[in-house]
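Chain by chain, the residues:
2 protein chains.
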Amino acid sequence: MGDWWAPLILRDIFLGLDRFEDLAVDLGISRNLLATRLNDLVTNGLLDREPYSQHPPRDRYVLTPAGEELVPILAALTAWGDRWETPPGGPPVRFRHDRHRCTPQVACSTCGEPLSAATLVVRPGPGGRAAPGTQLVGDRAFGGHRR
Amino acid sequence: MGDWWAPLILRDIFLGLDRFEDLAVDLGISRNLLATRLNDLVTNGLLDREPYSQHPPRDRYVLTPAGEELVPILAALTAWGDRWETPPGGPPVRFRHDRHRCTPQVACSTCGEPLSAATLVVRPGPGGRAAPGTQLVGDRAFGGHRR
Numbered sequence: 005m006g007d008w009w010a011p012l013i014l015r016d017i018f019l020g021l022d023r024f025e026d027l028a029v030d031l032g033i034s035r036n037l038l039a040t041r042l043n044d045l046v047t048n049g050l051l052d053r054e055p056y057s058q059h060p061p062r063d064r065y066v067l068t069p070a071g072e073e074l075v076p077i078l079a080a081l082t083a084w085g086d087r088w089e090t091p092p093g094g095p096p097v098r099f100r101h102d103r104h105r106c107t108p109q110v111a112c113s114t115c116g117e118p119l120s121a122a123t124l125v126v127r128p129g130p131g132g133r134a135a136p137g138t139q140l141v142g143d144r145a146f147g148g149h150r151r
Numbered sequence: 005m006g007d008w009w010a011p012l013i014l015r016d017i018f019l020g021l022d023r024f025e026d027l028a029v030d031l032g033i034s035r036n037l038l039a040t041r042l043n044d045l046v047t048n049g050l051l052d053r054e055p056y057s058q059h060p061p062r063d064r065y066v067l068t069p070a071g072e073e074l075v076p077i078l079a080a081l082t083a084w085g086d087r088w089e090t091p092p093g094g095p096p097v098r099f100r101h102d103r104h105r106c107t108p109q110v111a112c113s114t115c116g117e118p119l120s121a122a123t124l125v126v127r128p129g130p131g132g133r134a135a136p137g138t139q140l141v142g143d144r145a146f147g148g149h150r151r
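So the sequence lines, in the order shown, correspond to chains A and B.
For any residue, its number in my numbering is found by taking its place in the first sequence, counting from 1, and adding 4.
For any residue, its number in my numbering is found by taking its place in the second sequence, counting from 1, and adding 4.
Derived by calculation from the structure, the hints in this document are not laboratory data.
Glycine is no exception: its CB is placed at the ideal position from the N, C-alpha and C atoms.
Hints are not guaranteed to be accurate.
On the chain B side, residues computed to face chain A include the following (Cβ under 7 Å) [stated by the list, open to error]:
1) P11
2) D22
3) Q58
4) L81
5) G93
6) P108
7) G129
Please model the entire structure based on the sequences and the hints provided.
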């Protein structure tokens with residue numbers, strides 16, 4: 005993804021700012037960089053283009069299903085950021101779910117308990133291998149057992 | 005944070021690869037860039053240095069409480085990535101919690117239900133303001149109501 009523009013772009017599109025011009029103004033990002041990031045997000049399957057005008061030809065951006073599934077994770081990241089470095093004046097946004105207040109947090113799919121670094125266990129999976137990015141992690145962190 | 009090395013570094017340290025040399029070999033990252041990213045993570049309060057040798061002076065890296073709280077979010081991001089682009093051979097890692105299998109997912113802190121883009125609602129918070137990065141989002145996405 006390259007840098008932290010991608011999550012901000014996805015956030016804006018989720019919130020309904022889905023046109024190039026609006027994104028450029030909202031984010032204060034250069035038009036070249038915004039065009040590159042939008043292309044990357046389309047190529048990576050997180051965004052689709054949808055024409056909203058023929059003359060002139062203009063697209064708006066919509067989240068793909070993969071992009072939509074990223075939204076709650078970005079929300080959990082936002083809540084984490086606000087918890088550890090609350091901006092002056094309080095959090096910029098609040099989350100709601102159904103009719104109640106909600107802090108997005110990561111939980112176990114099986115039992116529903118919140119997960120922490122202390123309770124989450126990572127084990128090697130079938131696709132693990134020693135390669136750049138995971139050169140040692142299999143042997144060191146998992147004691148050489150890859151299965 | 006700059007780029008996507010930061011989450012990989014945090015992952016490795018969570019998994020017990022906490023020394024500079026190990027991180028350099030595991031990630032296949034240049035030593036200069038690794039040193040910069042580690043400094044950034046310390047400055048941003050995600051990592052602490054802890055000496056493990058006096059002669060020569062050597063530090064290992066440990067997660068701060070803020071860094072630890074990021075671990076489940078990174079796990080949810082990993083699970084999302086594996087769901088949408090499973091590597092050949094299957095997922096590189098599997099998650100466990102207590103004694104059962106677990107897919108880290110984002111849920112509502114109040115009712116425990118999994119959150120989706122369709123059910124999560126974002127409202128303006130007390131600290132919201134129009135500034136680069138959020139120039140339009142308050143007025144457009146929230147209809148001009150900032151509270």
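Hint-by-hint comparison with the structure:
1. P11: With a minimum Cβ separation of about 11 Å from chain A (threshold 7 Å), the hint on P11 (chain B) is violated.
2. D22: violated (10 Å)
3. Q58: Violated - the Cβ of Q58 (chain B) stays beyond 7 Å from chain A, reaching only about 24 Å at its closest.
4. L81: holds (6 Å)
5. G93: Constraint on G93 (chain B) satisfied, holds at 4 Å.
6. P108: holds (5 Å)
7. G129: holds (4 Å)
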